[in-house]
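Peer 1: One-letter residues, chain by chain:
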Amino acid sequence: MQQPISASQAVGLRERSTNWAIARFGRRPADVFFRGLTMLFVLIVLALVIGVALVLVISSWPTITAFGFRFLANQAFDPVHNTYGVLPAIFGTLLTSAFALLFAIPLGLGASIFIVDFCPRPLRVPLAFFSDLLAAVPSVIFGLFGFLVLAPWLQLSGEPWLKQHLGFLPFFQGQMQGVGLLAAGMILTIMVLPLIIAVSREVMLTVPRSQREALLALGATRWEVIRYAVLPFSRVGILGGIILALGRALGETMAVTMVIGNQATRPGLSLFNTGYTLSSVIANQFGEATPGLFLSAVIEAGLIVFVITFITNFLARWLMSSLERKGGARL
Amino acid sequence: MSTTLRSEQQRTTNPFQPRPSRRETQRQAANSVVIALCVLFAIFVVIVLVYLIVYVLKQGIAYLNLDFFTQLPTPNGEPGGGMGEAIQGTLILVGLATLVGVPLGLFTAIYLAEFGRGRFATVVRFLVDLLNGVPTIIFGLFVWVLIVIPQQSFSGLSGGVALGIIMIPIVARTAEDVLRLVPQELREASLALGATEARTIVQVVIPAALNGIITGIVLAMARVAGETAPLLMTAFGTTFWSTDVTQPMDALTLRIFNFTLSPYPVQVNQAFTGSFVLILLIVLASFAVRWATGGFKRRF
Amino acid sequence: MSFTVNHLNAWYRSKQALHDINLSFEPRSVTAMIGPSGCGKSTFVRCLNRMHEELPDARVSGEVRVDGFDIYAPSSKPRHVRQYIGMVFQQPNVLPSRSIFDNVAMGPRLNGLAEGKALRALVEQSLRQAVLWDEVKDKLDAQATQLSGGQQQRLCIARAVANQPRIVLMDEPCSALDPISTLEVEELIRQLKESYTIILVTHNMQQAGRVADHTVFFLSGRMIEEGVTSELFSHPQRKETEDYIAGRFG
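Chains as they are written, first to last, in my numbering: chain F, 602 to 932; chain A, -12 to 287; chain R, 59 to 308.
Isolated chain F, as found in the complex (with noise of 0.2 Å):
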């Protein structure tokens, strides 16, 4: 059993370790293991980063150095003959999220104009409110409802409908099974539309009053008002709220991959067909994937989501800060 110190014994040690950490950090001894601690987490999560971007490259380099770029060209995922490519991976992200903005930047911005200019007061609360709570709304939930509603009534009187009123074109022709692209891009517009809305919204309230007076005074019509006044100030900030949006589109798995179809059919323009993006072959292949090109492939598909969601946040975060430094709120 140890001897217990005694007060005076107490006190000398507490003043030794002071001086001890203050001679040799320059700070107290709580200080010291305080920031030593948070220094700790600081690193993990750093090396967390690193830690993703490291593994998704190591993880693919055998499709890396096996295919080089042409892994961005090869048409299928082939384990039979072993040889994968993401081409139409590529091609169905794009097109869904190209579809996705086409429809969400003009019902979002009308939509957002509308909260911002022309709203009836009472229902301004309630509709942002609305608004963003779909924007909390998991993307399981939504492709459920693309797959159990919205594929269904494509199935059945959309496609036909645009098939029949609009068929020339070749977006619309084809066999007409409910789930496909045009499904993918609509369950994403949905998706996307809150988040637009939001940042535009937030962008226009911050346009000083003084520049609506300024247009009003000249005897601008309220159209005008907003195109030479409103729009001119949050042009930035709306960009970066696009820009922001097409990461989330790019990005997304769970509803994209329940409504896509996840089969590739022969390539052409009909958003009919059905398809797969580079989040739902991971979804989808990674149970099946054995170890070696196959698994390698997977990885490989999504080091270039990553690669491409990193440089579309990058983009945006770059365009709102350019806003922060004009003196906007910061998002």
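By construction, these hints were calculated from the structure, which means they are not laboratory data.
Just so you know, not all the hints are guaranteed correct.
What the hints assert, rightly or not - In silico negatives: residues of chain R with every beta carbon more than 10 Å from chain A:
1. S72
2. F127
3. A131
4. S133
5. H138
6. G207
7. S233
8. E244
9. M263
10. G285
11. A304
To be verified - Quick list of in silico lysine to any residue cross-link-like pairs, SDA-like style, CA-CA up to 25 Å:
12. K45(A) / A736(F)
13. K251(R) / G305(R)
14. K135(R) / A736(F)
None of the values given here were measured: they were computed from a predicted structure.
Backbone N, C-alpha and C define an ideal beta-carbon position, used for all residues, glycine too.
Using the hints provided, position chains A and R relative to the given structure of chain F.
Peer 2: Just chains A and R now, kept in the frame of chain F:
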């Protein structure tokens, strides 16, 4: 002398009425068209989104019963059963995620708000934001390669880790924002009394920001409770009761995914009910925490 | 041209900001509105070009007649009123994303007043009237935000007159400016009154004395007294006016 000065005679025509001219009609028309379009788009957006939510909730409530929370799924689409193991799994997984994500996220926030200076801090912040924008399936891949494959087994633990990594940037961002809002005077007062920096942060700054921090944590938990993709290849899912984190674990989102694609109508119905429960969970958590802590500044 | 205000009342939220104002303005003169902060002079002036009603929860009743035509008549459209009755604001609000030329040309372009060569002539004339032409004639394409505060405010004045109004409202146009710019703007106002009827809101009595032909004294949303500037300052009829001028309250 101004050449554009109008005559001084008393006006006989009302200057405040539209002058009939092509330009005026164009302006008026453009204005009306834009307003009409905006109203139309807003209505369309509202209808679509409302329909989606209401449809899912309605279908979900129809099949809601106590069994849903207490029973396991029945085999082969036999009637009855529930998603008990999925709900339990979600709770366990979110709990694990919180254990991983909160310390890492919180300390990162402390670093960025209290200590971080210079280029290293900028790099840290940049990388944390980078983490935020990565599609969550990538984290599933990461954990799959690092834990699942070597272990040769799907596990709840790997799922929790994947979700935890997702939580880090969310917690870090919101906590940092709230910590920055704490007035500098509080810190100075504490330091002036002789407290160490560590004690100042732990006993003064964090309690001052606690409401916001807790809100941020709960919102992050609600967010990861809705994740599916990273769990596909880590927790994988199961239809049996399990609290063993070294074995596959089910989650509400996984079960919804699975049952949606199922050929059995009973399971499809339960997918709707699962969606209802999930949405309810997320909404309730978001509201409860904001109500309980007075919330923090809404971003949007 | 006659410009009169009859029984004008205005509300903001639930408070009444203006009570039964009746006034008549001399054409081609400067009328100053003075009074302590919050007395309603800015609100009043904003009712003259129907800007007050753009605020949420704002309401106006009464008449403002130009040559007999009421700007608040159901048949009068606000944006036509605003082209006829222009406004310069307290803080210069140049459009930051546009050049000097485009700022001045904004009104004429919107309202279809001039194009091409005529537009360039109009811009030049407006900038001359605002005593800014010599300073910017070589950099018309430069961003408007590159100008100093005083120059920006003169740009706003040029922009307002380019829109070819008959009446120009100025809501404390010099309060954000340094003394030298203030004097420049005051000189500019004296020149402008040859072509326009100017209503000037100012919290600076000396400015009213320097620049205005007539002055109106407001207090708590009511017009207390009005008259020729020199008369009002030397022989105020009402005690409130006298107290304000003597500086007993501000």
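Peer 1: If a hint holds in the structure, say so; if it doesn't, say that too.
Peer 2: We went through each hint and held it up to the structure:
1. S72: Correct as stated: the minimum Cβ-Cβ distance to chain A is 27 Å, above 10 Å.
2. F127: 5 Å, violated
3. A131: 7 Å, violated
4. S133: Non-interface label fails for S133(R): nearest chain A Cβ at 6 Å, not farther than 10 Å.
5. H138: 5 Å, violated
6. G207: For G207(R), whose nearest Cβ neighbour in chain A is about 27 Å away, the distance exceeds 10 Å, so it holds.
7. S233: S233(R) clear of chain A: closest Cβ-Cβ about 28 Å, beyond 10 Å.
8. E244: 20 Å, holds
9. M263: Holds: least Cβ distance 31 Å, greater than 10 Å.
10. G285: With a cut-off of 10 Å, G285(R) remains clear of chain A, as the shortest Cβ separation is near 25 Å.
11. A304: A304(R) is indeed farther than 10 Å from all Cβ atoms of chain A, at 40 Å.
12. K45(A) / A736(F): 20 Å, holds
13. K251(R) / G305(R): Given that 25 Å is the threshold and the Cα spacing comes to 29 Å, the pair is violated.
14. K135(R) / A736(F): Violated, because 41 Å separates the two Cα atoms, which is more than 25 Å.
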